[in-house]
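J.: Chains A and B, in that order, give the protein sequences.
If you're matching positions, the first sequence starts at 6 in the numbering used here and goes up one per residue.
If you're matching positions, the second sequence starts at 3 in the numbering used here and goes up one per residue.
Where hints are given, some of them may not hold.
Restricting the straight-line Cα-Cα distance to at most 25 Å, the calculated cross-link-like pairs of lysine to aspartate or glutamate (DMTMM-like) are [said to hold, decoys possible]:
1) B:K29 with A:E75
2) B:K53 with A:D109
3) B:K61 with B:D88
4) B:K53 with A:D233
Honestly, the hints are just simulated from the structure, not real lab data.
Chain by chain, the residues run as shown.
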Amino acid sequence: MPTLRGSGTVASIGYASGPLFRLDQDELGYQSSGEPATEAARLRDAIAAAASAVLVLIEEADEDSAAILEFQVAMFEDDALAEPAFDAIEDGVDAATAWTAALDEQIAGYDVADDAYFRARSADLADIRDRVLRGLSGLADARAPDGAVLFARELTPTQFLTVDWGQGGGIVLTEGSAASHVAMLARARGVPMLIGVRGLAQADDDFVLLDAEHGEVIVQPDPEARRDFLKASTLHNQLVELARSRMGEKAVTRNGQPIDVLVNIAQPAEVETLDIAHCDGVGLMRTEFLFGDGLPDEETQYRAYRRVLEWATDKPVTIRTVDAGGDKPVPGFTVEEGNPFLGLRGLRLSLTRPDVFRMQIRALLRAAPKGALKVMFPMVSIIGEYHAAVALFAEQAAALSAAGIAHAMPPLGIMVEVPAVAIHPQTFADVAFFSIGSNDLTQYVMAAGRDNGAVAALNDTRNPAVLSLIRNVVTFADENAIPISLCGDAGSDPAIIPALLRAGLRSLSVAPAQLPLAKAAISQASTSDGADGQD
Amino acid sequence: MAEARVLITHDVGLHARPSVKLTKLAKGFGARIDLALTEAGPWVDAKSIVKVMATKAPKGATLFLRAEGDDAVDAIAAIVGLIERDFDEGGSHAHP
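Turn these sequences into a full structure, and let the hints guide you.
T.: This is how it looks when you write it as structure tokens:
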């Protein structure tokens with residue numbers, strides 16, 4: 006079989022290599038006794054056995070894990086948990102069916118919670134359900150070999166805790182959530198974990214490389230892939246040690262230059278597991294999530310923006326107006342195009358749909374007094390587009406004033422991702438700030454899509470052409486006192502950070518999971534061109 | 003009968019660990035103790051972790067408490083104290 010690559014979202018950063026171990030659910034063959042009294046007794050025994058198995062795990066667990074397990078024990082000890090199941094058993098239902106139905110009803114309740122934290126609790130309930138079901142069916146817990154990369158749809162906290170992670174290994178899930186207990190445990194233990202992984206359907210018990218920094222799984226890697234992996238994982242491991250102790254410290258380069266490190270967020274819920282003291286604000290809040298189920302109303306948008314602004318207190322939050330189109334279609338909003346990356350996307354699309362854009366603008370203007378809001382426009386190519394957007398902001402601010410609704414005008418800036426802007430930033434001297442979108446800038450400058458593996462090697466932000474454009478924009482911004490930052494995967498890549506700092510950037514915005522490593526990489530880099538870092 | 007209302011200021015609301023603490027504390031009292039997210043209910047048994055978690059009380063929610071029994075006043079005072087102390091997790095509470 007040729008080398009197979011899967012990709013997913015990083016839930017816990019790190020590297021692992023080892024055999025892929027499929028943890029698919031066993032077929033549960035439960036034989037009913039047909040006697041309600043026997044069924045009730047079996048269920049009682051299975052619950053008691055599950056609770057004591059979890060108590061054994063607590064003995065060996067560290068503090069964080071123990072807290073999660075104590076929650077499960079408390080659930081087991083609560084008669085209310087199994088009450089509906091025992092009622093059903095009295096009505097003649099078998100123990101396994103009754104228990105599954107009772108737990109599934111609770112799980113469904115958590116699945117629809119507004120709050121990501123409570124939604125993630127459904128995985129704990131599923132863990133409780135499955136542990137008892139395995140007991141009822143007389144099945145032992147599946148045990149992965151040490152150092153294996155677990156591959157499953159979902160992983161439960163107790164499945165996580167039965168593995169000896171001291172021997173290495175990692176987690177690859179086709180579903181999963183970054184807010185789950187398993188993800189929290191994985192981050193706390195430094196176990197690499199990817200969620201929402203695609204492309205591994207055909208993988209069997211093969212040897213794999215798990216790169217949970219860039220979100221890749223490589224099955225049966227060739228020697229070149231192994232070499233790249235070794236290089237990246239060695240660098241990563243060196244940084245991890247440094248990173249852990251320094252989360253709360255301001256990032257400063259080796260030669261003493263402080264660097265602002267902000268976070269990119271795609272969902273307001275992401276800030277719940279993040280301490281604002283660990284970053285310098287939000288450099289990019291995406292708003293596409295609001296458009297996941299069609300067009301959002303003003304109130305929904307306002308609440309989402311306000312939530313993040315209040316979390317950030319007085320630190321800046323840069324919200325990007327909707328960047329639909331390209332690889333992010335929105336039904337009823339984006340248009341079908343032959344070449345979507347060069348078509349109607351970002352601000353271009355918003356300006357063709359002023360009805361939709363005005364609603365987002367009003368929500369942003371109303372949220373502005375709640376914190377240090379900045380707003381930026383994606384995919385700007387000419388200054389006229391910026392002026393058109395600014396005019397809509399002024400129009401809506403006047404309307405809110407007339408209606409007596411509280412609002413404020415935030416600084417309005419642009420993404421620098423179209424080469425035209427990076428080549429000739431002089432045209433954009435009017436904007437309040439620049440934010441370099443390194444992903445799109447790189448793919449447009451190199452004419453190589455980042456979602457196309459066949460040209461992945463060309464899509465390199467370190468190419469001198471890309472770096473010289475970045476330097477060009479930074480120089481212009483500095484000379485004209487226009488604040489400039491970079492948001493994009495390059496900003497959190499330890500291999501690219503030194504080049505970005507040498508290009509003059511002093512502000513980077515990174516994914517929350519990458520925050521400690523980005524800070525550590527900055528502390529090892531220098532802003533001077535000299536190899537020894539002495540200015 | 004004793005009653006109180008208290009604002010939840012804990013980072014993520016009444017989540018797993020705080021719920022365990024609250025129900026354990028409640029079980030130490032003889033009084034019947036109920037809690038709710040609105041004055042109109044639904045009221046749930048504060049000694050049941052299953053029911054307390056199912057209220058999914060977020061940060062910033064106001065929790066309504068009521069108790070009936072000999073030690074009702076003490077029970078309410080103890081639970082209000084626990085919530086006001088952020089479930090004794092204080093500033094050290096931060097998810098990794």
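J.: All hints are to be evaluated individually against the structure, with a verdict given for each.
T.: Status of the hints after comparison with the structure:
no.: 1; hint: B:K29 with A:E75; verdict: 16 Å, holds
no.: 2; hint: B:K53 with A:D109; verdict: 15 Å, holds
no.: 3; hint: B:K61 with B:D88; verdict: 11 Å, holds
no.: 4; hint: B:K53 with A:D233; verdict: 51 Å, violated
Checked against the numbered hints given earlier, the structure breaks only hint 4 and satisfies all the rest.
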